[in-house]
Structures are given as C-alpha cells and as structure tokens.
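Participant: Residue numbers (the working numbering), protein chains in the order written: chain Y, 30 to 338; chain P, 27 to 377; chain L, 1467 to 1738.
The set of hints was computed from the structure by calculation and includes no laboratory data.
Wrong hints could be hidden among the right ones.
Claimed, not checked - Listed below are several chain L residues computed to face chain P (Cβ distance under 7 Å; list not exhaustive):
(1) 1534
(2) 1556
(3) 1557
(4) 1560
(5) 1574
(6) 1576
(7) 1586
(8) 1588
(9) 1595
All figures in this text were calculated on a predicted structure; none of them were measured in a lab.
Ideal placement from N, C-alpha and C gives every residue a C-beta, glycine not left out.
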Amino acid sequence: MDIFLQQLINGLVLGSVYALVALGYTMVYGILELINFAHGEITMMGALVALAVIGALALAAPGLPGVLVLGAGLAVAIPVCVALGLVIERVAYRPLRNAPRLAPLITAIGVSIILQNVAMLIWGKQYIPFPAILPEGRHQVLGATVSDIQIAILVLAVLIMLALILVVQKTRLGRAMRATAQSRQVASLMGVDVNRVIAATFAIGSALAAVAGVMVSAYYGLAHYYMGFLLGLKAFSAAVLGGIGNLRGAMLGGLLLGLIESFGAGYIGDLTGGFLGSNYQDVFAFFVLIAVLVFRPSGLLGARLVERA
Amino acid sequence: MKRTPPRWLAFSLLALGLALLPFLVDAGMGRSWVRLLDLALLYVILALGLNIVVGYAGLLDLGYVAFYALGAYVYAWLASPHFGLHLPFWAVLPLGAALAALFGVLLGAPTLRLRGDYLAIVTLGFGEIIRIFMNNLNAPVNITNGPQGINLIDPVRLGSFSLNQPHRLFGVTFTGIHLTYYLFLLFTLMVIFISMRLEDSRIGRAWVAIREDEIAAAATGINTRNLKLLAFAMGATFGGLAGGLFASFQGFISPESFNLMESIMILCMIVLGGMGHIPGVIFGAVVLTLLPEALRYTGDWQRDLFGHVYVDPADLRMLLFGVALVAVMLYRPAGLLPSTRRRREFADAKG
Amino acid sequence: MSAPKAGNLLSDRLDAELTPLLTVSGVSKAFGGLQALSGISLRVNAGEIFGLIGPNGAGKTTLFNALTGLYTIDRGEVRLGGLRLDGRKPHQVLQAGLARTFQNIRLFAEMTALENVLVGRHARTRSGVVGAVLRLPATRREEADSRAHAHALLQRVGIAQHAHRLARNLSYGDQRRLEIARALATEPTLLALDEPAAGMNPAERAALRELLLKLQADGVTLLLIEHDVKLVMGLCTRLAVLDYGVKIAEGTPDVVSRDPRVVAAYLGDEMP
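All chains should be built: construct the whole structure from the sequences, respecting the hints.
Facilitator: Printed below as a string of structure tokens:
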C-alpha cells in the first residue's frame, strides 16, 4: 500500500510538471498546427538561467531566504524564456507559415539543436546541481513520504493551470486565441491581430516552460543542457494523450503520463518477472504516445487529428 | 546543342578518379582523411536511404538511425565472439538489411495515418525506444552488452582475404582502409544506382506524388499505404546495410553511435544538399562528414587569434548543423544543390 | 427523398433506353450535427454528360468525395457498373473506373506536366521495385507505353508544349486541363469533374466545352459539377439539382430549369 501511495504522489508531482510543458505544445499546436520542437529546449533554458541566478545569489548573499532566491531565479528565467519564444517564432516559424509542412518542422529541429548547443557552450556538459536553498522538510503520509518541494510543485502547478484556464475563458486575449485556433483567416477578418495572438501564445507557453524547467531541476536537484529533449518529448506525448490543441487535455494527459511512468517504473519488474527493470521508465511515454496515435489519434479529450479531405 | 565529351569518356575519367582517390588523399592529406573518406561513403548510403523516405515520399523520419543500429547489431551478433558466431559477411549483411526492412514496415505501419509532424515525433520515439533497449538489454540475458557495446567484431573477410590487414596487389600495397574504401564504394555505387533507377520509375513518381499531395495521389489510384510502407522498407534496407558495414569497419559498436543526433545529422545532409535530389544528397553527406575534420582548424585559428581555444571545435559541429537547418529552410529550401529539373524549369520560365 | 413526379417519369422513360453506369442510392453523410447529404439517389447512364448543380454548400463536392472514397458514407449504396464502390478506398474506386478532378486543383506541384500524367498511369501499370532497378524488358515496354500515352493525352487536352514544365508554373486554365489529362490517364469509364470551368476565360471555356464533347464522343461518361449555367445547359444531357444536401430535381436541362423547387432554391442566386 505504501508503495502504491508513494508512486501515486511521485506520479502526480511529475505529471503536473509534464502538464505545464504540455500546455505550451498544445497551445501552439492549437493555433498554428505546428509542433514546436524547440519547446523542450525552452524549458531547459529556463532551468539553466534560473539556476545561474540562484547559484550567483546563493554565493553573493548566503543569508537570503530560499524562497526569495528561487523567486529571483524565476523572475529572470521567465522573461528570458518569453523573449526566446518570441524570437524563435518571429525568425524561424513566421516566415514559413505558408511553406510546405516539412519546412517549419525542420527549422524547429534546427532551433532546438541551436538552443541545446548554445546552452552547452555557456554552461558546459556537466550536470549542474541545484543549490540547497529550499527547505527539505519531509512528511509521512500513510507510510509514504512527501517533501515540501513536491507539495510546492503540485500547488503551484495547479494554481498556474487554473489561472491559464481563466485567461483563456474570460479575457479578450483568450477569446482572440480561441478564435484564431478555430480559423486564422476568419479571426483576422474579424479584426483579431493574428500575429499578436500567436506571439502571445508563444509568450505564455514559454513562461510556463520556464516555471516547469525550474520545478524539474528543483525536484531532481540538477539541470543539464540535454534535459529539455526527453522532457519535451514526454510533455508532447502528454499533450497528444490528452488530445492536442485542448488545454484540459494537456493537463489531464500530463497527470496521466506522470502516473503511468511512476507506476510503470514501480511495477515493471514484477510485471515482466524481473526481465525489465525501472531503467525502462523512459520508454513508457513513447509507448503511450504510439498507442494513443494508433488507437485514438484524437486523444482522450481532443478533436480530430487525421487529415481531412 | 553544345558539344559535350562522350559519355564513355566522362565515365572512365570518373571511374579513374574514384579509383585513385584514396591514394591521392593518402599522399596529400594523410591517412586519417582516407578513413574519413570511408565514413563519407557510409553516410552517402545512409543519406540516400533516408532520402527515399523524406526526400521522395515526404515522410519525416527522425528515428532513421534505428535501422542503422539494427544492421550494426545484427552484424555484431552474427560475426563476433559475443555469441561466438562468425558467419561470413555476405550472409550477415543481407540479413541485417532484410531485418531492418522488416522493422521499417513494422514501425511504419502504425504511423501511416498520421500527418507529417506526428510521424516525425513517433519515429523519434521509436528511435529512442530502440536506443533504450540497446542500452539495457544486457540483463538478465545479455543480448546487447548494454552501454559497453559489442567488441571484436569480425572484419569483412572472403576466404583468407581479410579487409583489416594490408595486401600487396599488382605491386601496390593496399591497407585495410584503402580496401574498405573500395568495398564501400561498391555498395555506395549500388545504392546510387538503385536510387536513380527508382527515382525515374513508376514507384518513384508515386512516392513524389504522395509527398506533393497525398489525397490527390490516392484519388489518382495510388495505394498510399503500400507505397509509404515500401518507402520505409527501402530506406530501412539501406540503413541496415550501412549499419552492417559500419560494424565491420569499426570492429566495435555501442548504443552511443546511434543516438538521435545521428538521425538529425543524416537529415541535415539531405536537407542541406537538396531533398529528393541524388547529387545534392551525396554532396550533403560528403560535406557534413568532412566538416568536423575541417572544423578542427577553427581550434588553430582560435589559438592564433586569442592564444587560447575557447570553443571546442567538436562542439561547434552540432551548433553549425542547427544554424544550417534553419538557414537552408529559410533561404534555400531546395538545398545548396537544387535539382537540375528545377534549374531547367527556372531557365524555361525566364526564356 | 423523392424527386418531383414529372421529372421522375421523364427520367424513367430515358433510363429504359440507356444502360445505367453509376447508381447512387440513398446516400447520406453527416458531419457531427450537420447533415451534408440526405438520401441522395441518382443514376448516370453510360455515355451521357450528367450535370450536378445547386447553390453553394448544397453538398455537391461532398457527394463527389463520398463517391470517390474520400469520405465514408453513413448510409446508402454506390455502384459503378455492377461494382459496389461505397466502403472502398480512393485508389480502389479509381481502379474500378471512377476518376475525378478537384474544385481547388490538386496537382503534384513539383512534378512536370508529363510526370503528373504518368502518375495517372500508376493504376493501370504494375512494374515494381525490381523491374525499375533492373529495367526489365517488361518494365521498359510499360514505361514507353506510359510515356506515349501521357504525351498523347497532353496533346489531346492541348498542353503538349508544356510537357516538361512544372505543374505549379502552368497557367490556371492549363492546370485544369492537366488535371483532366491526369484523370484520363487512369482510363476511367466515368470521369467526375468538379467545376472544371472555374476561373477560365471565355476562350478557355469554349476549348473546355470542345474537349468534353470530344471525350463524350470517345465513350467517357462525364459527371460534372459546374456553376457556369450556359455551359451546363448546353452540354449536359441530364441534370440533378442539390439543395441543402437533398436532391430536389433530376431530368433534362429543360425540365429542371422549369421546376419550381429549383427556381425557388436558386432565387437570389444565379438562375439555371
């Protein structure tokens, strides 16, 4: 029972981070029908920028409370990621909006390689530890352990997602986003500045990615120039699982994928009679992705995916 | 009509040039460049294979390296002390290629209904799955030997004639890498030949039609499912073949050699040279294989300029690839060496 | 849904003398809550030019997509000759002898005109990878035949001089003609044309009219969606009129143009 509960908690925490990143994929896809391959790398950039700030502050002012230092890290990482997202959209995607489908996809891959290697040149290839600035309280709940960081991640992620839903449902910008997702042409005829809506979408997605990046590095205690690749892929799988283009789908997909991974890794040894171990944790996301695309390409909550005539 | 030299003359000169190339390179630039030449040929095979999938059929496959890996592992399993098997290369190579083709179909089948971008990510996922398995299938049964990889793989050997030692023929000493060059050249020419024949055929046209407009292709009588699977299978065959050659050439393989960046690099080769255009793809493959070696000079420049190497030249490579992908797509979407048909068409439009 | 009595009687009498080629019975198709086609039945006889008209959004192109396998229909049956077409994939429909063109021209843009038509030969040829790589005698023969056939078709639709130009660089009218040539290369018994005259100037329209009559004379049955009333009235042997996914009339142009329901459907729209 305690293992079950432990995996449940771990899965929810991990899943909430996936959900934040998945939202970025799903929003951009909903509006541009483009898989923003570079999104995972923006997450990585967020983590590394925040870590650089946190590391510098922890050295310069060792007495500062951890939450404040973390806040400062986020305060720098978020604008940096937003700027990155905007530049990428402007330079690599916008000129190709009417090009053959393969073209923006290839530039997206190019951009993600560039980001990865720029990060490697700046921060090197080694793992960068997350400084011990956060409270390390642990709580026992029915035999399972919950850390303060886990609680903070979960609460923050849920708050952010609620805020996002409010923005999309209630604000002018949200309405413009939904209209643009329905039809770019019609939205622009109705007076929506489509370019601004798209830019705003990238900005919001990138901000979420920055937060998620910081969460991941705080959770695992490290960051790395290559971390965005796998994280991005998993988050994308989560978005597809929920139904790409659908905000609630991305949230649901993220949480589900976190749970699948966590339970999968916890029980795979028993299931395969010890043949496969928890080192296969990373394949679950791909199997989920493939299974969803084959059996239910529209995802759990999504609209159709398969090309229409 | 301009007077052009007769075809046989052009062919003979080309053949002579290709035959002498390793010796010229050896004499002029050193042995390490001959080795690089061998690798370049291998990448030409790989790039032409991926070109069938991406360039002709328009299916963005980011897991292509999986087939390369499969070919390499099949070779390693059947011709190394790992399982104690030492089958001859002429049996192992086709087997690896065939197995890769089979996997091409198996992996391709579930993705057929997907649109281009989904296909990209699913194939990427497949590539990663295969890599994760290669890394972890050393326990409880040791199949891949995990991250350490498989060692002491047999070189290509025919009777007592082994490709990994020097031979004196016609009074000339051929070292292993020279001989490997001729072997690889043979396979490369075969793959080029097959690509050229396919391009200008019923099958090749059907692939391009699918790339251009899948719905119109279906409505014009093309069985899009079968032809896409055929493209996957053909591409995978070349990948598997290259993998086997790679394993025999290196004598050692590990999952490290088959990561996503390898797939991306092969993709870069065909995008840079010109998707769907054979000379462009060959050009892209050769240039990008030689690039890391050329980049080494940037280290010297840095030392001359700053008295210190700031950026490891090897790290510059991927960065340049990324920049190249973006720049080519934005400014020269047809590649650096666009197809003559397009150029002819361009002249036609002007004239 | 049944057509008006008068139209039915007349078309029944005509039908008795002709062999039906395409039989559409009770075809329905809905997209979510929108009933795009409700119980469409019609019959195209061998050798005729059959017009499909109706206001925008009446379901004409949807019917085309349903006939050619791009949409799966919810109910009903489609037969070509004796062969069931419904439930088949687009390439199987084509193989059975029903070829089509598209309202918004769908050529293979980066291929030459000749290659576009050669793709049309795909369904009627069979050489595979081995044949192509080894250039087996059968493959060579087939390829030579295909090329001769394709050149002849380009000639026939009047764009032989553009054989080696990329499809996307052809003029609009030539692209429409190339699309027809590509469809003809599949040797259809029934050719379905979705607004072939759209965007053409009067001279091009006249040439198209000639071409269609020539095709009819050669034994190709034509099914035509068209907005150009003059073209439709002068060309078609019979018409069906769709409105809101329902067939409201079927018969000769004379009969249809006097049908009060057709007049009502077109009120405010162009009058057929």
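Participant: Would you mind marking each hint as holding or not holding in the structure?
Facilitator: Against the structure, the hints come out as follows:
1. Annotation: residue 1534/L was flagged as interfacial toward chain P, and the flag holds, the nearest CB pair being 6 Å apart, inside 7 Å.
2. Interface hint status for residue 1556/L: upheld, as the beta-carbon distance to the closest one in chain P is roughly 4 Å, under 7 Å.
3. Nearest Cβ of chain P to the Cβ of residue 1557/L: about 5 Å, under the 7 Å cut. The hint holds.
4. Hint on residue 1560/L holds. Least Cβ distance to chain P is approximately 4 Å, under the 7 Å limit.
5. Below 7 Å, beta-carbon pairs count as interface contacts, and residue 1574/L has one with chain P at about 4 Å; its hint therefore holds.
6. Annotation: interface hint on residue 1576/L holds; nearest CB of chain P at approximately 6 Å, less than 7 Å.
7. For residue 1586/L, the interface hint holds, the least distance from its beta-carbon to any beta-carbon of chain P being 6 Å, beneath 7 Å.
8. Among the interface hints, the one on residue 1588/L holds; its C-beta lies about 5 Å from the nearest C-beta in chain P, closer than the 7 Å criterion.
9. This hint holds: residue 1595/L has a C-beta 6 Å from the nearest C-beta of chain P, less than the 7 Å allowed.
In this structure, every one of the numbered hints holds.
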